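These protein sequence lines are chains A and B, in that order.
Take 0 as the starting number for the first sequence in numbering that gives the first Met the number 0 and just add one per residue.
Take 0 as the starting number for the second sequence in numbering that gives the first Met the number 0 and just add one per residue.
Accuracy of the hints is not assured; some may be wrong.
As the list claims (entries may be wrong) - Restricting the straight-line Cα-Cα distance to at most 30 Å, the calculated cross-link-like pairs of lysine-lysine (DSS-like) are: (1) A:K131 with B:K416; (2) B:K163 with A:K113; (3) B:K328 with B:K365; (4) B:K365 with B:K79.
To be verified - To give an idea of the chain A side of the interface with chain B (calculated C-beta under 7 Å), a few residues: (5) A26; (6) H44; (7) D45; (8) R47; (9) S82; (10) D105; (11) I106; (12) H132; (13) F160; (14) D161; (15) G163; (16) D175; (17) I177; (18) D186; (19) W199.
Think of the hints as simulated: they come from the structure by calculation, not from any bench.
This structure is a prediction, so every number in the text was calculated from the model and none was measured.
Every residue gets a Cβ at the ideal spot worked out from N, C-alpha and C, and that includes glycine.
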Amino acid sequence: MEAFTKFKSIGIPIDIANCDTDAIVPARLLRQPRSHPDYDKFLFHDLRFNADGSEKPDFIFNKAPYRDGKIIVADVNWGCGSSRENAVYVLVANGIRAVIAPSIADIHYNNCMKHGVLPVILSREDCDTLRKHMHEAPGEEIEVDLEKQTVTALNGTTFKFDIGPFDKHRMLNGVDDIGMTLRFDDDISAFEKDRRDYAWM
Amino acid sequence: MAGQTLFEKIWNRHVVTEKHGQTLLYIDRHLLHDGSFGAFERLRENSLKVRRPDQTFATPDHYTPTHTASLDDLADPRAKEIASAIKGNCEEFGITVFPWGDRRQGIAHVVGPEQGITLPGLTMVCGDSHTSTHGALGCIAFGIGSSEVTHVLATQTLWQRRPKTMRINIDGKLGFGVTGKDVIIAIIRQIGAAGGTGYAIEYAGSAIRDLSMEGRLTICNMTIEAGSRCGMVAPDDKTIAYIKGRPFAPGGEKWDAAEKFWRSLPSDDDAVFDTEVHVDGSAIAPMVTWGNSPQDAVQVTERLPDPDQEGDTDRKAAMVAAYEYMGLKPGTPVSEIPVDKVFIGACTNARIEDLRAAAAVAKGRKAKVPTLVVPGSGLVKAQAEAEGLDKIFIEAGFEWRLQGCSMCVGMNGDTLKPGERSASTSNRNFRGRQGPDSRTHLVSPAMAAAAAVNGHFTDVRSMMEDA
């Protein structure tokens, strides 16, 4: 997994409350392999494209300079709904490295952690401020610093965010989960041998 | 010391180790479905083995057809490939599989409880968000992503943050014609689509105790639509009677030990939850969702809400956008909303009790719009046919289909056309969920059948024989 330390990019405001993973990538596209030549186009597919494949010009991701953005600033309950990890694959396919939102659905949060996409929780007021600013100053860059746990935007205004020490370590070092867990193999075996309440299983 | 919650009693017994605030949690049972194909690819790429094939079970459901017994008839050859691949993948790794053609095959969340794979006190995962369903039997069950599926296959564990606990107490007697579906939609309307984020929820109170296992499964199923990955109900006599004799449930002396353990699991009287919510069960009526989030819901007797009455500006904007997408106007009585298609099925409502409820309304009436009835498993289908429900549906002009996820998510080709409006017993009314530009309204099976025979939403209580 690609490590995340510090990252700076144009911010893309997505003003959709409860933006679900069906909106991030429709179910009918889940059968396609990540090697598909148009995989990047699957992100927000039905919000971005008409049935004939032409772009919907009003959708923010189709507008310059936002289409070059690599940090999403979202609204409440980003990534709710289906557990599909494809909703992170399509972010990765577009080079998106961080999603900032007032709340991120639990399963999607964990899925982001597996692919070096940093989920950042800021208050609803701060996210509203950021999105408003990005509409008013298109192309404004945002910097996310994981070591310091800060988001910097709006001419140097800094917002602090929380992240668990385990997740922070994993992201900073690009740790592969399975490789790490296999080092606990003896603990798992010991656990399996001593399950007094579960002898009936 | 305060007592323990149901959740804590199970969680604490599955801690392998703890590091930096996260728990390496042992997983007792893992369900796979056809959409899990990527995990097998990653196992092979990394030369990994399945640690506990004996604790892993699989069934195809998302991509399987409902109109034909032959996978060759699927319009998309890739769907056929995915629906069939699970058999070979599972055989290669020694995993128990109920493949297409096996009468036990069906929706993973219907098959687990039906086979006795789902049991109280377990930890259970599946690469599908509706894994919350299984918690109705008193276990910790939650949905995971594909990387986590691979992780569980390789290690039988997961690194997890321990969620906070919430108890939702539904007291009072549910009214005539009010089902588990109506209860959970009413709860989501009350706490919001992100109300449960970061929590494991226990449903308690007299209304839950009075509900059937099917009703509890429906409530736990839609826990994820309230933002929580994990919903649970404490095991009681109903749970234990439901499990007894199921193929993968313990038998003989093991049964006695299991039952004794299961009866020790309910939350202690002095257990403390991080949050408590109270819901008046007697005030719930049949529910209909109108927007693109399950929290956008009203009682069938109400009119659609007015965004101008909404104080929160973001919420107001979301309502306006939902009205535009759904092609509806504020103030419209729910009973004046016409439907184009009806779907009765999905892991929410495709169990035998759901089909009985729909058949009771369909009996002696005729569908005004195309209506699909899709049982949750081959065994549910067989049971329904043994009871003659299939004949009632066919007589009423409903289509009696084969088991699977079907039009809940449309991955097998069962979809709405752009602009079409459904009454659906599934769990998500998201934009495009049932096909591009589809418009979904979530309802109970009886309410769906009522919409089918009237061509518009109807308070089904007026069509039911009062007991």
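Problem set entry | Index of numbered hints that the structure contradicts, given in increasing order | Hints 1, 4, 6, 8, 12, 13, 14 and 16 not satisfied by this model.
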